[in-house]
Amino acid sequence: MSKKSLVVEHLKRAQMLDVLTKGVRLDGRGLLDYRPITIETGIIEKANGSAKVRIGNTEVIAGVKVQTGAPFEDTPDQGLLIVTAEVLPLASAYAEPGPPNEDAIELARVADRGIRESGVVDLKELCLVKGKNVLAVFIDVSVLNVDGNLFDAVSYAAVAALLSSTMPKYEVTAEGVKDTGKTIPLPVKLTPISITMVLIGNTIIVDPTLDEESVMTARITIASADKNTICAGQKGNPGGFTEEQVMLAIDTAISKGEEIRKMLKKSVGHGKKQK
Amino acid sequence: MSKKSLVVEHLKRAQMLDVLTKGVRLDGRGLLDYRPITIETGIIEKANGSAKVRIGNTEVIAGVKVQTGAPFEDTPDQGLLIVTAEVLPLASAYAEPGPPNEDAIELARVADRGIRESGVVDLKELCLVKGKNVLAVFIDVSVLNVDGNLFDAVSYAAVAALLSSTMPKYEVTAEGVKDTGKTIPLPVKLTPISITMVLIGNTIIVDPTLDEESVMTARITIASADKNTICAGQKGNPGGFTEEQVMLAIDTAISKGEEIRKMLKKSVGHGKKQK
Amino acid sequence: MSKKSLVVEHLKRAQMLDVLTKGVRLDGRGLLDYRPITIETGIIEKANGSAKVRIGNTEVIAGVKVQTGAPFEDTPDQGLLIVTAEVLPLASAYAEPGPPNEDAIELARVADRGIRESGVVDLKELCLVKGKNVLAVFIDVSVLNVDGNLFDAVSYAAVAALLSSTMPKYEVTAEGVKDTGKTIPLPVKLTPISITMVLIGNTIIVDPTLDEESVMTARITIASADKNTICAGQKGNPGGFTEEQVMLAIDTAISKGEEIRKMLKKSVGHGKKQK
Amino acid sequence: MSKSSITKLLDAKGVRHDGRKFNELRPVTMKVGVLENADGSAYIEFGKNKIMAAVYGPREVHPKHMSVPDRSVLRCRYHMTPFSTDTRKNPAPSRREIEISKVIREGLEPALILTDYPRTAIEVYLEVLQSDGGSRCASITAASLALADAGINMRDLVVGCAAGKIEGRVVVDLDDVEDKEGEGDMPMAILPNLGQVTLLQLDGRFSRKEFDEAFKLAKDGCMKVYDIQRKALMEKYFGAEETGEQ
Amino acid sequence: MSKSSITKLLDAKGVRHDGRKFNELRPVTMKVGVLENADGSAYIEFGKNKIMAAVYGPREVHPKHMSVPDRSVLRCRYHMTPFSTDTRKNPAPSRREIEISKVIREGLEPALILTDYPRTAIEVYLEVLQSDGGSRCASITAASLALADAGINMRDLVVGCAAGKIEGRVVVDLDDVEDKEGEGDMPMAILPNLGQVTLLQLDGRFSRKEFDEAFKLAKDGCMKVYDIQRKALMEKYFGAEETGEQ
Amino acid sequence: MSKSSITKLLDAKGVRHDGRKFNELRPVTMKVGVLENADGSAYIEFGKNKIMAAVYGPREVHPKHMSVPDRSVLRCRYHMTPFSTDTRKNPAPSRREIEISKVIREGLEPALILTDYPRTAIEVYLEVLQSDGGSRCASITAASLALADAGINMRDLVVGCAAGKIEGRVVVDLDDVEDKEGEGDMPMAILPNLGQVTLLQLDGRFSRKEFDEAFKLAKDGCMKVYDIQRKALMEKYFGAEETGEQ
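Chains as they are written, first to last, in my numbering: chain A, 1 to 275; chain B, 276 to 550; chain C, 551 to 825; chain D, 826 to 1071; chain E, 1072 to 1317; chain F, 1318 to 1563.
Calculated from the structure, these hints are not laboratory results.
Each residue gets a CB set at the ideal place from its N, CA and C atoms; glycine is no exception.
All the pointers check out, no bait thrown in.
Rough simulated footprint, nothing fancy, chain C against chain F, three-plus residues with beta-carbon under 8 Å: (1) 1411 to 1422; (2) 1514 to 1520; (3) 1527 to 1538.
Chain A with its partners taken away, still in its complex shape (with noise of 0.2 Å):
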């Protein structure tokens, strides 16, 4: 992504701006628009959940796989949800093999935040003997075509995954803990959704394309729980915003956040329905 300066020409960068300033932007969206996205669930039948998201051509896929283990010393009740997120190196002619950079720890760990730190799924549902056995969650996410905005195409991928995902039932018994051989759904409390805007000159769009970013100044990635609730946040870039920039993103991100929660869950139902 350090070589984007190389893709998008000076030209390119004022006739953005240019445009913008009429409240619309190159693609004919508006500002607070997104792309299309579609959601599917279900795709990868050995995982316990899986989605695949496109925002415009940025394409993700998510696996969840539930798998009884060791929980964590100073949190014996409760199971574990890993996040991890990898771009892949067919997704883009500037993503390489080898262990994640700071961008795809960065990618990573804010869905993680989004994710486990709002509390979406019931880790204490996740134990089955204290201090001994409980369910670990791992949520992995493959970028497979970059096309910008990331954090959110991560985002939705993971929690559509996770909302479509079935665990194992066990019993404990004396002798241990048992799988019964039947599933039954992930606790899962909430629907987080990430909304993610950049600064460009003085204004700021949603879903920024990877031209649009390789332009930005700044970024801000705002997650909320509901129509009330915040749960996420994470500015990025090199790059700051004003006080009112600030509230602009807060709001928006409320707003445009209600409207894809309820067309991903929609997504989601179809999903498991068509199963």
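Starting from the known structure of chain A, fit chains B, C, D, E and F onto it as the hints suggest.
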């Protein structure tokens, strides 16, 4: 090894092809002749078994260590067998210290398949207490000098080291697993023999030297467990074989395999008596 | 450090040698004089013990953490003692972030030998339940500013941190190991003192600055446990010592060691009272 | 390859656990041109295998000193997503993935005219989204489609199919269960028009005669896959009727 | 951020577990120019946080190809010593440390005139000797002092302070206990004169109204820290009376 | 170095557990020129130590920027095979191996005229096939033979031998048992003709007087090893009668 194109010039290649069409090789061997092979066992007293193998100037050393450990979850009644191979930096001007590269990984995995997958060692006899205590057999092979055909040298050294290995005899008592202080032979059931052939022009030859490898287009390694059983195969290098060439390779692997199997068994038997 | 040849020019070297032949050094010290040493303890409240040591402009900080753990298989009745040392990237224009290089590894291992091998801490007193629960003592030393003689600074900081450490008092009951909430001193038996000397021309000096290290040919570090016992030694750098020079180094290490041992004990005692 | 067969792999009539005959492939679909950014791409479903292939190049070599004056450097990475396997896979490349990347690369190279692109790199990325038996064969098939889609000059396509042995019988195209419980597996890839075997691996135990049968079954399997492969290419480039994965 | 609150974080009178009011900062001291070798350095104590900051540069870029023709490359490493935490920390950089290094760097960059130093690198090293809640805010404050001490051209200082939520109440500057047992944390950094927010993170749950309160408390906290920061700079450069850590 | 002595290391007559006297070395054999590809090589057996040494160079430096204009860069890697130790050793280089590589390199360098080979690298590889007490001393001895075999210009050979302390008595050349159960070990290497000590390490506890004894025993031990070393070189180059390992 990627630099081998620098080592042998075009002239040499022409000369080599020229000689091969007459059915002989630069060092005077016939197309299906091995260089002199020597096998010594019992050379590392601290190992449970060991062997040094020379094929011409290629030289490798293998050591076997048997330790107690826990079984894999999906095979609770089986011991472990782990094969590694390393081209030591002292073995060649082109070998480098560091984690194993793809060539070394292929070398180790092909040796591993020829031994583990073919059932050479009865892994069930390495189980002490089901699901809890098993024996782990490590076969580590180090290449001391590189002059072609590492696949066969590594394989013979691993097999010879295994055949000459003993392991501690354990007693399972109420209190746990106890070393009796006695040793018994490793439960080795087969003597798989790997035969490596390469294609130069349209000619297949066995046991290539480093010079010959530098002009080959494709490599094939076939291991036989006995005179009617193939137990491992690996085509390598960026080239292909015709169907007829594959069939010739199989036949050759079986017939040469029998020869070398006898020789190897004799060497190991001899080594045992000396000890 | 490999770039030190760039730091001090040839002129400086000539000047340095010239002065040394007169028995004094560029900063006015005698050949066997240390720069001013200051030792503060108890500066990291979250650690079980800590110390900050300055020798001239060389500055290091050490912290001790005591945790429960499992013993090594071959010493089931002994606790663990682990010493690490890191030259932080903020300590010098030539230090780099990343895994420890060979200089840092040598630094840590010499400190470790001076402490662990010499029996400073009675590891048997760190055993709670033989073969099962022991205390692990971590001594982590970070170099904050580099100006020569890291070996001694790291060693004094480690010893001072140990001497000022407490550890939790545990009770072994039928149900397991229980923290009583009380603390007791670490069982520290000795105060080993490391003395580092370097050879410039034919002159041996103690406590070299970075400039002096840049022109030295060989280094020797000798630790004494008391006024008649040597407990660690390490010759470093690509140069050699004559037998006479080695003997002088030993004698110097013992006599200077006594001086510094008194000073260090006084500083630690002082630190304890302050706390 | 454990000998303790829990599943019944063949019934009395020689029908396999999933209903297939000994010489029958699993369902296969392929699609060309599925990723926006890649220079070429393809997607394959082969039984439960779901694999994405992408090609970048010919392009500049990084680091530069790895470039070769008279041809392109071919690179290949075969990788499995953590959720692609029964038990979650660690995302770091395993030794198995490194070996498979190598044999796939070496199996593709004879089909490519690398000398047409001196001083460049051609990079092939294979991502297994869901794995089943035979993933390396499905991968090489998809990789060759993605290379064609990228417009790389080729002598032939490459097509892969395995044969194996279950309960003493040689059959084509093992799935995961058959691979685990069976007695042998032989993945193979060929250049269908040039008649070259460019990938061949074997484990387990095969008699001389069983090897011949396995070779024939794998070759016939490859030719069937080749038909599907060609159709997928034509659909992309000649707008034939749409099939396979959406 | 566990919901099981062991500690009583607020008493009946709204006093926090360490005696502070909702809008009260922990004790803060700063000192500029504390390391001999660094081009600039600063030390901060913020509650129990003890953090050393050093700057090297502008200097040559290694490796060279990472240099940029029209400006300096800013680098930043936030790192914790193994003894800085309650349980010993593994010395290898964690994913958390890598992310924090990034947000601090991006929070500092708007304050720096990097175009004044083309083709160079400016490196900021932060070493947390003892950690407490709010270490990233304290770090960015110290880093900006060290940058000023190194003489780097700056548009403004950068100053950090968090707000958070404990037992339903929004308060400023959480310590470790409040961070662990509380319901939300929002670290923030601003350019006090330019009125820019350059670092902002949030976790836990805040209603729209609570966010506004938190933002205001964090901003006010930043301005209080800024006062101390300016004094520390003046002490170094204008020899005002000595305060803070020795 | 545990104090709990299970083995009886010295009997009433001062005979060691393997029958040696206090000043007696274990059996030593050396052979020069044992590896085909290396520019120089040597093999040593020292007690149960079995060590292979190889030298490559002087040759081009990789990466190039590590080269030095006025001399050769000496590199050294001491490494143990996984089967060389009582318990299997992980093949990745340990911190111990990295430190020993360093002290061996620094112990060899004073013997070499590196200024004769500007802008090159000389690489020394030591592979311990079986380890016993004193492997670093045996390694440096073998390395110096391999350097001579490679034709590198040298001021002197380098020869290593340790002294140690068992049951209160200072003795030469500890084996594994004595090293583990004893009270101190002092590995040393010297340039026998130039009278320089180029490797010296010490652990355990020695009184001032014991140190003197240990130093003398180690030095005498080195001179005995030097005799064997010279003979091994002469056998290679002047065809003297064959001895030692085949």
